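Peer 1: Here are the chains, one letter per residue:
There are 2 protein chains.
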Amino acid sequence: MSDPCIICVAITGSVPTKADNPAVPVTVEEQIESVHESFEAGATIAHCHVRDDEGRPTSDPERFARLKEGIEKHCPGMIIQFSTGGRSGAGKARGGMLPLRPDMASLSVGSNNFPTRVYENPPDLVDWLAAEMIRHDVKPEIEAFDLSHIFQAAAMVEDGRLKRPLHVQFVMGVKNAMPVDREVFDFYVRTLRRLMPDATWCGAGIGRHQRTLNEWSIAAGGHTRT
Amino acid sequence: MSDPCIICVAITGSVPTKADNPAVPVTVEEQIESVHESFEAGATIAHCHVRDDEGRPTSDPERFARLKEGIEKHCPGMIIQFSTGGRSGAGKARGGMLPLRPDMASLSVGSNNFPTRVYENPPDLVDWLAAEMIRHDVKPEIEAFDLSHIFQAAAMVEDGRLKRPLHVQFVMGVKNAMPVDREVFDFYVRTLRRLMPDATWCGAGIGRHQRTLNEWSIAAGGHTRT
Ligand SMILES: [Zn+2]
Ligand SMILES: [Zn+2]
Ligand SMILES: [Zn+2]
Ligand SMILES: [Zn+2]
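Read top to bottom, the protein sequences are chains A and B. Remember, this note's numbering sits 6 above the position in the first sequence when you count from 1. Remember, this note's numbering sits 6 above the position in the second sequence when you count from 1.
The shape of chain A in the complex, shown without the other chains (with noise of 0.2 Å):
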């Protein structure tokens, strides 16, 4: 409660394309510019995916290097968090840029439904995942897309594959994953709080969600992401 409330920014989620939306920064200039615009606007933390000449999702380390320079160039002092997301590549290609060390990545510790497929995290590819990032000191956020993802996260600090405090986002409003509902809202902050009590959160609604879940975050002193 006596946390100050964070912002995140999540720039250009994997999937719409310039096609989708001429708005959507793609390039990474375009990306750098919009993070600063955000930045100016009080956003402390930058959620980053990086897409390659196409416009498609990649992970490729390069990219990830230059978003990097450019928000820290630009953004002082602003927290970069890198999507080891599985949009953007497969197996271990999901966290090649870890190495270049941003303050926070994105993980997710179990699997569930996308709107049209599997969303494939593997125990192997998860642990390595947590591995890497407790190698090269970045601080994860848990992506917890159900509810068994907040148990397998505090398992995984219990056996001292992830590191605490953590910060564990909820992910409401998936189409076959979990939907916007305020109970379950209630019971992830509720036992979030009974596993893991120094344990930061944030709710993240997916698109015309986004608002109610900030509301709920705000007002159960979670952090917001816009």
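Hints listed in this document are in silico derivations from the structure and should not be mistaken for laboratory results. Owing to the predicted nature of the structure, the values given are computational and were not obtained by experimental measurement. Don't take every hint at face value.
Once the Cα atoms are required to be at most 27 Å apart in a straight line, the calculated DSS-like pairs of lysine-lysine come out as [what the hints assert, rightly or not]:
#1 K98/B <-> K181/A
#2 K145/A <-> K79/A
#3 K181/B <-> K98/A
#4 K145/A <-> K181/B
#5 K181/A <-> K145/B
#6 K98/A <-> K169/A
Based on these hints, arrange chain B with the ligands on the given structure of chain A.
Peer 2: Chain B with the ligands in isolation, oriented as in the chain A frame:
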């Protein structure tokens, strides 16, 4: 609460082999014998997997047909439930035995992690299995390995992909999926009642957790599985 308590018998889940435990029934004849013993002991539902000649899990419709025939002959009135779980086949092969019209079949509506791999239930396969069950008049048992699976089942009832009233099984104690946790169990029951008041349910604990889940289930008005 006024429902009669249904005792299921889970013969030979798909993992153990003779090498692990010589008492595990493996051939169709051994399985029929094992189901018959449970039937005489009062079990009313037989949850069935089958194996090939090497003892490996399979979805072979011919073996399912022989098993069904044997149970019908030796255990008149027993409810026969076929597994469509992912351990015994890939893709649509998992539903190849549904035209045999067992009384019930298991149905996973989401994906999650298992001890060493991803338990993959892609959205289009889930929809196809659900449609096959409607087509062949097979009642699904929804296998809820995580909280979002209950919401997904409710959404599928809502838009007609599944028929009410549903029967849902809460599965706990699988490594890397949902652990055995009393507060989660209570929240599962509460959520199911809120989303689908007409649904029936049972709790299943894996291995040494079987007894715990049975106790919780009986006390909370669910069904049990032995
Ligand atoms: Zn992301
Ligand atoms: Zn956040
Ligand atoms: Zn089974
Ligand atoms: Zn049952």
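Peer 1: Between K145/A and K181/B, is the straight-line Cα distance small enough, at 27 Å or below?
Peer 2: 25 Å, holds
Peer 1: If you draw a straight line from the CA of K98/A to the CA of K169/A, is it 27 Å or shorter?
Peer 2: Roughly 21 Å separates the two Cα atoms, so the pair holds.
Peer 1: Under the criterion that the straight-line Cα-Cα distance not exceed 27 Å, is the pair K181/A, K145/B satisfied?
Peer 2: Holds, at about 25 Å.
Peer 1: Holds or violated: are the alpha carbons of K98/B and K181/A at most 27 Å from each other?
Peer 2: 22 Å, holds
Peer 1: Can you confirm whether the C-alpha distance between K145/A and K79/A stays at or below 27 Å?
Peer 2: The hint holds at about 21 Å.
Peer 1: Need the status of pair K181/B, K98/A: alpha-carbon distance at most 27 Å?
Peer 2: 22 Å, holds
Consistency note: the structure conflicts with none of the earlier hints.
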